[in-house]
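**Student:** Sequence:
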Amino acid sequence: MVSSSANPPGLIQAVMPKIWKLKFSMQTTIDLASGFYCFKFSNHDDMNHVISNGHWFLNGQVLLLIPWKPNFQPLLEKIETIPVWVQLPGLPVEYIHKEILLKIASVLGQLVKIDEITVRGLRGKYVRVCILWKLDKKKCLMKFGSIAKDADSGRL
1 MVSSSANPPG LIQAVMPKIW KLKFSMQTTI DLASGFYCFK FSNHDDMNHV ISNGHWFLNG
61 QVLLLIPWKP NFQPLLEKIE TIPVWVQLPG LPVEYIHKEI LLKIASVLGQ LVKIDEITVR
121 GLRGKYVRVC ILWKLDKKKC LMKFGSIAKD ADSGRL
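The letter at position 80 of the sequence shown is residue 80 when you use the UniProt record's numbering, and the numbering goes up by one with no holes.
You may find that some hints are simply not true.
[Said to hold, decoys possible] Derived lysine-lysine pairs resembling DSSO-like cross-links, with alpha carbons at most 30 Å apart: (1) Lys113 x Lys18; (2) Lys78 x Lys103; (3) Lys69 x Lys18; (4) Lys40 x Lys18; (5) Lys23 x Lys113; (6) Lys78 x Lys18.
Hints in this document: simulated from the structure, not taken from any laboratory.
Based on the sequences and whatever the hints tell you, model everything.
**Tutor:** Encoded structure:
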């Protein structure tokens, strides 16, 4: 797995396994060029846990994690998307379903995750979804709008 971070490799090697709550030890952290690191895991389940359960932070910086790909060249690699948590305030309760949230999130980017509290229906003031935001997009996420069903078709 590869990550981009400005944190020193010793700190990453010492702290991230604790933050990730790995079941097994991490084999190594390799310091690559351009602020990239390569993480080698002792256990495939640990690696899957790290990739699928979050966007991890260390010293206020996000670790952007991607699975290793053959011929990875850190000097040529460009980060094209970043994970962004989007808060949708005041969404009608009947819209707080996975299928509807997927439609809403797809307008902004690729859905990564729906906040666990949202999924369990424990929060009504707002909904949080994590999307992959394309860095080349000209849209601003700060715009306010409304989401409603069409009275005739019943579609969002």
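**Student:** Would you mind marking each hint as holding or not holding in the structure?
**Tutor:** Evaluated hints:
1. Lys113 x Lys18: Distance of about 22 Å is within 30 Å: holds.
2. Lys78 x Lys103: The given pair, whose Cα atoms are some 28 Å apart, holds under the 30 Å limit.
3. Lys69 x Lys18: Since the Cα atoms of Lys69 and Lys18 sit roughly 25 Å apart, the hinted pair holds (cutoff 30 Å).
4. Lys40 x Lys18: With a Cα-Cα distance of about 15 Å, the restraint between Lys40 and Lys18 holds, given a limit of 30 Å.
5. Lys23 x Lys113: Given that 30 Å is the threshold and the Cα spacing comes to 23 Å, the pair holds.
6. Lys78 x Lys18: Roughly 28 Å between the alpha carbons, so the hint for Lys78 and Lys18 holds.
The earlier numbered hints are all upheld by this structure, with none contradicted.
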